[in-house]
Each structure stands twice: as structure tokens, then as C-alpha cells.
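Visitor: Here is how the chains run, residue by residue.
There are 2 protein chains.
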Amino acid sequence: MRIGIIGTGVVGRTLATKLVSLGHEVALGSRTKDNAAALAWVDQAGAKGRTGTFEEAADFGELIINATSGTVALKALRAAGAEQLAGKVLIDVSNPLVFSPTGELSLDPVNTDSVGEQIQREFPEARVVKALNTVNTAVMVEPRRVPGSHNLFIAGNDPEAKAQVTAVLEQFGWPAAAVLDLGGIEAARSTEMLMPFWLRLMGHFGHADFNYAIMKAE
Amino acid sequence: MRIGIIGTGVVGRTLATKLVSLGHEVALGSRTKDNAAALAWVDQAGAKGRTGTFEEAADFGELIINATSGTVALKALRAAGAEQLAGKVLIDVSNPLVFSPTGELSLDPVNTDSVGEQIQREFPEARVVKALNTVNTAVMVEPRRVPGSHNLFIAGNDPEAKAQVTAVLEQFGWPAAAVLDLGGIEAARSTEMLMPFWLRLMGHFGHADFNYAIMKAE
Chain P
2 MRIGIIGTGV VGRTLATKLV SLGHEVALGS RTKDNAAALA WVDQAGAKGR TGTFEEAADF
62 GELIINATSG TVALKALRAA GAEQLAGKVL IDVSNPLVFS PTGELSLDPV NTDSVGEQIQ
122 REFPEARVVK ALNTVNTAVM VEPRRVPGSH NLFIAGNDPE AKAQVTAVLE QFGWPAAAVL
182 DLGGIEAARS TEMLMPFWLR LMGHFGHADF NYAIMKAE
Chain E
2 MRIGIIGTGV VGRTLATKLV SLGHEVALGS RTKDNAAALA WVDQAGAKGR TGTFEEAADF
62 GELIINATSG TVALKALRAA GAEQLAGKVL IDVSNPLVFS PTGELSLDPV NTDSVGEQIQ
122 REFPEARVVK ALNTVNTAVM VEPRRVPGSH NLFIAGNDPE AKAQVTAVLE QFGWPAAAVL
182 DLGGIEAARS TEMLMPFWLR LMGHFGHADF NYAIMKAE
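For the record, the sequence lines run as chains P and E.
Heads up: the first sequence begins at 2 in the numbering used here, then just goes up one per residue.
Heads up: the second sequence begins at 2 in the numbering used here, then just goes up one per residue.
Keep in mind that the hints were calculated from the coordinates and are not lab data.
Among the clues, some could well be false.
[Unchecked claim] In silico DSS-like links for lysine-lysine, alpha-carbon gap of 30 Å or less: (1) K217(P) with K217(E); (2) K34(P) with K89(P); (3) K49(E) with K76(E); (4) K19(P) with K217(E); (5) K19(E) with K217(P).
[To be verified] Residues from chain E that face chain P, not an exhaustive set, calculated with beta carbons under 10 Å: (6) L108; (7) T192; (8) E219.
Just so it is clear, CB atoms sit at the ideal spot from N, CA and C, and this is done for glycine as well.
Here chain P stands alone, though its shape is the one from the complex (with noise of 0.2 Å):
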């Protein structure tokens, strides 16, 4: 598969690498054609991995995964063009995080919004689903870093879009019945809310390889 990811950060080099190792060809997609770590990304991908703007990295791929901060994640998207996300279906994987000046932690937004619902207004004909925003980068593409089962969380509005991402996490080793469904892309706004209590498990474990296994009576 032609994939798209929106976002040069540690997030989108460790998916394109994946990515590109199961096979797919993979545009890594910055804000301009120079940035550093695209270039360098490229580089060592192989011949299925190319680099590009935003908007050439969506009119490449069959499917778009956004990998910016929730924050700018509108504007990337934007700079990516509605015309390049139509019809795709389009990973979100961001979450809002806002820093104060003596780092103090919000969500922006939070409570009765979420950025997958703000991607999903914007952008009306492309398929968002909400996945892979609850764990670490390194446990997104190798789930066996935590030992056991444990759970990925998904949220969108198309049903056949959230098999299309349940297909590609199972490419990275997720089960598919580890990933639950929790309902249309309003559901982001409880995943993207698990934030907080994720840092905070970090810093009583002093590590970020850890995931949350969902156990429930039968």
C-alpha cells in the first residue's frame, strides 16, 4: 500500500520505518521539502521511502496517517489539502498536549471536543479514525515490548475504515481482538483524555513501556 504520513517528529520516522519494512511504500510528509529529519529518514528507508511536502506526501498515499501534535494538527492537514485526504482513510494518532510555561499539562481541546472530531469537521470526505494515541511510539510498532495482552483503542465514524486500521495494526503484531472499538470519532475525547494519567504512569515506572490491558468479567 501508498502510504502518507503527515509529520517528521519521532512518531512519524518510527511508523514510515515500520511501515516501509512490512513492505508498503511509504512519503514522509514536512512542512517544506528541506526539512532535516526527513531527509535524513530517507536516506537510510530504502526505495520505498520518499520524502515530500504535506501535500505531496497526501496525494501519494492511499491511506494518510497524521503524526503532527494535536495542536498543529489542522494547519498540517490544511497544508496537506482536503483534495489529497477525500475519500482516504486517514490514522490520527495526535493528541492535544499543551504545555504551560512551568510545565503544567492541558488538553486543548478537551471535554466535548477532541482533534479527531475537529479533523473529521474539517475534512468531511476523508475517513478518520483515531488509533495508536494511548501508547508510545516504540510500543505502537512492536506491541511485544509489554509482555501480556493489552489493548489498542480505536474511534471513527466508518466501519470499514476502522477494519482498514485494524488490518494495518495487526501488521504492526497488535491482535485484532486487541483492539476494541469504542464508537463514532466522539470517542477520541476519552483517548485523547487518557493523557495525563499516561505521563503520570510513566513517572511512577520511570519508563514508557507499558500499555493498558482493559480485564473484564465474561
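Fit chain E to the known structure of chain P by using the hints.
Guide: Frame of chain P, contents of chain E only:
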């Protein structure tokens, strides 16, 4: 131990019944002395149960549990009285859920404040510990309703108070190792912000007998 419970809803009554069954003396406090739920509870609680006003319950307890809704917690605890709370461990079980007329969920406070912190600020001599607000009431007092190992989370500024609360949780059936200490009372933000996720999971499973197990690399 003598325990004062603030709030006669299902959370307060369930905790009260469990604590009486464990041999504690419990005062179930309500806004008015003629609260029907409290009177019905005391009728079946046996010799170790009593009812009273918020103030009487708080005065009675060596340990206090706030089992009101998070949005009215401060008001109820003001009625209980700062003097009755001073020096005591105060377990805050609440979540600040606000539902709009259309049923849309918000938390208030959220992000940079929490009910746990509000209580600790308003009653600086109380030793507030946020606990138990991440599971259904039935699971609080009977963790084996959910199979396997799963976790609770505590937050508070007073290590000794957290140790005392952990001992109570052990009496409820939670292994001490299942109780993760997330830090100072400001960590209450992170567990209160789990509620939207918890409600989504309840929708997904169709019941409330579930809980979070945090899986991690060693």
C-alpha cells in the same frame, strides 16, 4: 475503626455496607437527618451502622470518605465542617461529571484542577487521598468481580495517609501491589480524566465489571 461517609448514594451505601461487614463502625452522613436512603440503610446495617448529618458523620469518623458527586463535594464537606476533617485521612472517591441537557459528558474541573485538589486546598488540615474513583462501585468492594490482576490508583500529599488508605483497600480485597501511587494530590486530575474512557468501555462491554490492568516491561 470508626468511619464517616459523606453521601448516601449507591457509592456511599455500598462502601458503608462493606465496611460494616469488615467490622468497622460506620456513620452514613446525609444533608438532612431524615434522608430516606440513609434511614433504609441503617435499618439493615446492624449495630455497627448509624446515620446522621454530614457534620455528625464527619465528627464520628476517624477516617472520612467523600462519596458525593464531585460537583457537590465541596458543599457537602463544608457542611461536614473543617474542624471535623482536620488531621483525618479523607478518601475522595468522587468524579466531577457534568451532563449537558443532551447527555453530553464534561468534567468540571478538568485539565489543571481536580476535585481532589479542590478538597485539599479548601481543607488543608485534612489528609486527602484520591482513590477508588476509577472503578464501578460493586468492583470497589469486590475486586474479584473482574478476573485476573488489575489496578487501583491513589494520589495524595501525605505518604502515611496513602499507606492507611492502601490498608483499607487491602481489606476490600485489593492486593497492596495492585495499588499504584501516582504522586501528589494533583495526580487526581489524571484519574478523574479517565471517566470519559471508562464510560466508553462500559458502552462497549455493556456492563461495568471491568478494570484497568497496567501491563509493563520489567
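Visitor: All the hints need checking, so say for each whether the structure fits it.
Guide: Hints and how they fare:
1. K217(P) with K217(E): Holds, at about 19 Å.
2. K34(P) with K89(P): 23 Å, holds
3. K49(E) with K76(E): Holds. K49(E) to K76(E) sits at ~27 Å (cutoff 30 Å).
4. K19(P) with K217(E): Roughly 22 Å separates the two Cα atoms, so the pair holds.
5. K19(E) with K217(P): 22 Å, holds
6. L108: 6 Å, holds
7. T192: 6 Å, holds
8. E219: OK, holds: E219(E) within 10 Å of chain P, min 8 Å.
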